[in-house]
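Going down the list, the sequences are from chains A and B. For the first sequence, position 72 matches number 68 in the numbering used here, and the numbering has no gaps at all. Add 124 to a position in the second sequence, counting from 1, and you land on the number used in the numbering used here.
Just to be clear, a hint being listed does not mean it is correct.
Said to hold, decoys possible - Across the chosen pairs, the derived CB separations fall in these ranges: (1) B:178 - A:80: 40 to 46 Å; (2) B:193 - A:58: 30 to 36 Å; (3) B:198 - A:10: 42 to 48 Å; (4) A:69 - B:131: 19 to 25 Å; (5) A:34 - B:131: 20 to 26 Å; (6) B:137 - A:-2: 35 to 41 Å; (7) A:18 - B:194: 25 to 31 Å; (8) B:168 - A:69: 19 to 25 Å; (9) B:140 - A:13: 23 to 29 Å; (10) B:129 - A:8: 30 to 36 Å; (11) A:59 - B:140: 47 to 53 Å; (12) B:193 - A:62: 43 to 49 Å; (13) B:140 - A:77: 26 to 32 Å; (14) B:132 - A:18: 30 to 36 Å.
As the list claims (entries may be wrong) - Only some residues are given here: those of chain B computed to face chain A with a beta carbon under 10 Å: (15) 187; (16) 191; (17) 193; (18) 213.
To be verified - Think about it this way: if two alpha-carbon atoms lie no more than 30 Å apart in a straight line, the pair counts; the simulated DSS-like pairs of lysine-lysine are: (19) A:37 - A:50; (20) A:11 - A:50; (21) A:50 - A:74; (22) A:47 - A:74; (23) A:47 - B:205; (24) B:205 - A:37.
None of these hints come from the bench; they were simulated from the model. By construction, the Cβ of each residue, glycine as well, lies at the ideal position given by its N, Cα and C atoms.
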Amino acid sequence: EAGVTQFPSHSVIEKGQTVTLRCDPISGHDNLYWYRRVMGKEIKFLLHFVKESKQDESGMPNNRFLAERTGGTYSTLKVQPAELEDSGVYFCASSPESGLRYTQYFGPGTRLTVL
Amino acid sequence: GQSLEQPSEVTAVEGAIVQINCTYQTSGFYGLSWYQQHDGGAPTFLSYNALDGLEETGRFSSFLSRSDSYGYLLLQELQMKDSASYFCAVRDHYGGATNKLIFGTGTLLAVQP
């Protein structure tokens, strides 16, 4: 079974530019999450999709961040315009419908550097 | 606020046993998870406790005490490949549905020969 995949693995952009990150969850997983880790800090939740609907976007830092999951499969996270403080590693995770045993499976992350 | 406290670094030798503690203070709590991360890569799920007590999975065990807002990860028979960062994470809940994870700052485990 293929795991969660993310593209690109690395992205270096200049302040003010736009970047789009993509996440492909494990096939059949309705729940998709975005997290990020900025330098030296903890991994922080951004938002959660159930299929194509945003279930919880309480962690989105501001309106420069836009997440979509059209069709309930892959998801994109767009940052426009990027700022220096957006640098960090962006992780995507997915899980099946939750039961008593709860596991989120993480992708390898996209390392974003804003210069 | 929401916080999870872990030691920043732990060092141990091969074959030893090490315990990584986690204390949490969160508005909601549905369980405590543990993840391993090598060299900044994908966090890998290790263990989950929803109820008090010990969960054992091979060389790894995890413990939870909800009354103390405390848990730990126990690694036995340490191997060099166990050198990694370990994160505790509280499963929170929003609006009655799933289920974001609130992470601790991570513990860097260094296993020495």
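Range hint compliance [Cβ, residue 140 of chain B to residue 13 of chain A, 23 to 29 Å]: violated, 48 Å
C-beta pair residue 59 of chain A, residue 140 of chain B: status relative to the range 47 to 53 Å that was hinted: Cβ of residue 59 of chain A to Cβ of residue 140 of chain B: about 50 Å, so the range 47 to 53 Å holds.
Outcome of range test on Cβ distance (residue 168 of chain B, residue 69 of chain A; 19 to 25 Å): This hint holds: roughly 23 Å between Cβ atoms.
Whether the CB-CB distance between residue 178 of chain B and residue 80 of chain A falls inside 40 to 46 Å: Since the Cβ atoms of residue 178 of chain B and residue 80 of chain A sit about 45 Å apart, the hinted range of 40 to 46 Å holds.
Range hint compliance [Cβ, residue 140 of chain B to residue 77 of chain A, 26 to 32 Å]: violated, 50 Å
Supplied distance hint 30 to 36 Å, evaluated on CB atoms of residue 193 of chain B and residue 58 of chain A: Since residue 193 of chain B and residue 58 of chain A have Cβ atoms about 31 Å apart, the given range 30 to 36 Å holds.
Agreement of residue 50 of chain A and residue 74 of chain A with the hint, judged by alpha carbon distance not exceeding 30 Å: holds, 15 Å
Pair hint residue 11 of chain A and residue 50 of chain A, alpha-carbon separation not exceeding 30 Å: Between residue 11 of chain A and residue 50 of chain A the Cα gap is close to 28 Å, so the pair holds against 30 Å.
CB-CB spacing for residue 194 of chain B and residue 18 of chain A relative to the 25 to 31 Å hint: violated, 38 Å
CB-CB spacing for residue 8 of chain A and residue 129 of chain B relative to the 30 to 36 Å hint: holds, 34 Å
Restraint status (C-alpha distance of residue 205 of chain B to residue 37 of chain A at most 30 Å): holds, 24 Å
Interface hint outcome for residue 191 of chain B [beta carbon to chain A under 10 Å]: Given a least distance of 21 Å, the restraint on residue 191 of chain B is violated.
Violated hints, listed in ascending order, are 4, 7, 9, 12, 13, 15, 16, 17 and 23; each of the other numbered hints is respected by the structure.
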